[in-house]
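Asks: Going down the list, the sequences are from chains E and U. According to our numbering, the first sequence is numbered sequentially starting from 1. According to our numbering, the second sequence is numbered sequentially starting from 1.
Since the hints were derived computationally from the structure, they do not count as laboratory data. These numbers come from a predicted model, not from an experiment. There may be inaccurate statements among the hints.
No copy is singled out in the list; a pair is fine if it fits within one copy or between any two copies.
Distance condition first, Cα-Cα at most 20 angstroms in a straight line; then the derived EDC-like pairs of lysine to aspartate or glutamate [what the hints assert, rightly or not]:
#, residue 1, residue 2
1, 205, 162
2, 3, 72
3, 205, 163
4, 141, 86
5, 139, 162
6, 115, 196
7, 115, 129
8, 81, 163
9, 81, 65
10, 3, 29
11, 139, 85
12, 115, 150
Protein chains: 2
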Amino acid sequence: MNKVFFDVGLSLDGYLAGPNRRPGNPLGDGAIAIHEWMFATATFQQTHGAIPGTRGGGQRGADDDLVRAVVERAGAHVLGKRMFEEGEVGWGEEAPFHAPVFVLTHAPRGPWVRKGGTTFHFVTGGFAEALTRAKAAAKGKDVRIGGGADTIRQALRAGAIDDFTLHVAPLLLGSVAGQGGLRLFDDLGDLRLLAEPTGASHSAKATHLHFRVRSKG
Amino acid sequence: MNKVFFDVGLSLDGYLAGPNRRPGNPLGDGAIAIHEWMFATATFQQTHGAIPGTRGGGQRGADDDLVRAVVERAGAHVLGKRMFEEGEVGWGEEAPFHAPVFVLTHAPRGPWVRKGGTTFHFVTGGFAEALTRAKAAAKGKDVRIGGGADTIRQALRAGAIDDFTLHVAPLLLGSVAGQGGLRLFDDLGDLRLLAEPTGASHSAKATHLHFRVRSKG
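Here chain E stands alone, though its shape is the one from the complex (with noise of 0.2 angstroms):
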């Protein structure tokens, strides 16, 4: 049965993004800091291209171990329309997925197929939909819920995340992000998630919080 997942880095304030988000500065101003970690790591170097300023190869260890076992449990993706926008400029003709992505929006467009596997469904049906698709999809892998907030908010919502991950950077982002950014945890209505802890580990630049959801309600 596939599992339901989100994976996520915030700021020790909670900001998942700064402000100023747009195509060409998809994370918003600031938020790069967040995911230093990440970016060092093997694993995202070889989805993701190289990345400028990184050194060739990145690293391995704890936190490239974290990161790739996001990419070998997701068989498929969902992704809001705003964070595809905001990658789609940036990720030229390999986009970093390298598995079906279902991309909630109100326009209809047809399968856009990138090379290294990654294809883009554009769901018009809403979350549950792109999330039913995904799940067929996903061929007895797990479901990332890519973000951006909004989405994983709505995945919340909805009951159907079984377990998260979120990589706590040490550092504030409310001086940058205060006006603008967004915290993953805001605008949640009555949700009254209640959850249980399942791993705590960290390295030098990150802090790794794992749980699975207990009551949803």
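Assemble chain U onto chain E, guided by the hints.
Replies: Positioned in the frame of chain E, the structure of chain U alone reads:
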């Protein structure tokens, strides 16, 4: 040399306290759940007296070790006036600090000695004075900035914090705390704290994150 630290419980969405805080409801609505892991420990029950509804004696183990380590390293405490007043009602004759406590206030008042080694000193000269006096009183041990959120923020803005621990309870409090709850890492203005992870562990009820402050700018 004294270290200055804080050690607090937060929800997944960053709340330290719920709405409607007042004497008799010091944590605010819904926020008791954040601290369940701590209330269950033997050391907490010893230092705070019996907690209604908890089993006699409390639990030993990894969570208890963390609580005991904090009690042992704290030679003095700094508290905000509101946290003092909210706690005052419930503490009874034996306050749970068992060390000198420096309370930030505008109202001069003589020292208030409680059973068990807690003496409250009321400081009208601001955070810097309270910290200087706490360091002098700590007898070579460390100084804990006990809270509330405003006092910890003052300490962060003053560049006074050497290390800190966050105990993250695996639940969302926004549905209760969104109106009037307190997030620890809010209202920090231009502060760009940069820390380094120094530890991470978890129990069934909380994930414990330890950090050393690298840059207080």
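Asks: Give the relationship of residue 81 and residue 65 under a CA distance limit of 20 angstroms: within one copy only, between copies only, both, or neither.
Replies: neither (29 angstroms within a copy, 47 angstroms between copies)
Asks: Under a CA distance limit of 20 angstroms, which applies to residue 115 and residue 129: within one copy, between copies, both, or neither?
Replies: So residue 115 and residue 129 fail the 20 angstroms test inside a copy (25 angstroms) and across (63 angstroms) alike.
Asks: With 20 angstroms as the alpha-carbon cut-off, assign the pair residue 115 and residue 150 to within, between, both or neither.
Replies: Neither: 28 angstroms inside a copy, 52 angstroms across copies.
Asks: For residue 205 vs residue 163, is the C-alpha pair at or below 20 angstroms within one copy, between two copies, both, or neither?
Replies: Close across copies (16 angstroms), not inside one copy (23 angstroms); limit 20 angstroms.
Asks: Indicate which option fits the pair residue 115, residue 196 if close means a Cα-Cα distance not exceeding 20 angstroms: within, between, both or neither.
Replies: neither (38 angstroms within a copy, 38 angstroms between copies)
Asks: Please sort residue 141 with residue 86 into within, between, both or neither, judging by C-alpha distance up to 20 angstroms.
Replies: Classified as neither; 26 angstroms inside a copy, 51 angstroms across copies.
Asks: How would you label the pair residue 139, residue 85 (within, between, both, or neither) given a Cα cut-off of 20 angstroms?
Replies: neither (26 angstroms within a copy, 59 angstroms between copies)
Asks: Regarding residue 139 and residue 162, is the shortest C-alpha distance of 20 angstroms or less found within a copy, between copies, in both, or in neither?
Replies: within (18 angstroms within a copy, 49 angstroms between copies)
Asks: At 20 angstroms max between alpha carbons, let me know whether residue 3 reaches residue 72 within a copy, between copies, both or neither.
Replies: Answer is within: at 13 angstroms inside a copy they meet the 20 angstroms cutoff, but 43 angstroms across does not.
Asks: At most 20 angstroms between CA atoms: does that hold for residue 81 and residue 163 within a copy, between copies, both, or neither?
Replies: Intra 23 angstroms, inter 40 angstroms, cutoff 20 angstroms: neither.
Asks: Give the relationship of residue 3 and residue 29 under a CA distance limit of 20 angstroms: within one copy only, between copies only, both, or neither.
Replies: neither (32 angstroms within a copy, 33 angstroms between copies)
Asks: For residue 205 and residue 162, with the copy left unspecified, which applies at a CA distance of at most 20 angstroms: within, between, both, or neither?
Replies: Between copies only: 18 angstroms across chains, 26 angstroms inside a chain, cut-off 20 angstroms.
When held up to the earlier numbered hints, the structure conflicts with 4, 6, 7, 8, 9, 10, 11, 12 and fits the remainder.
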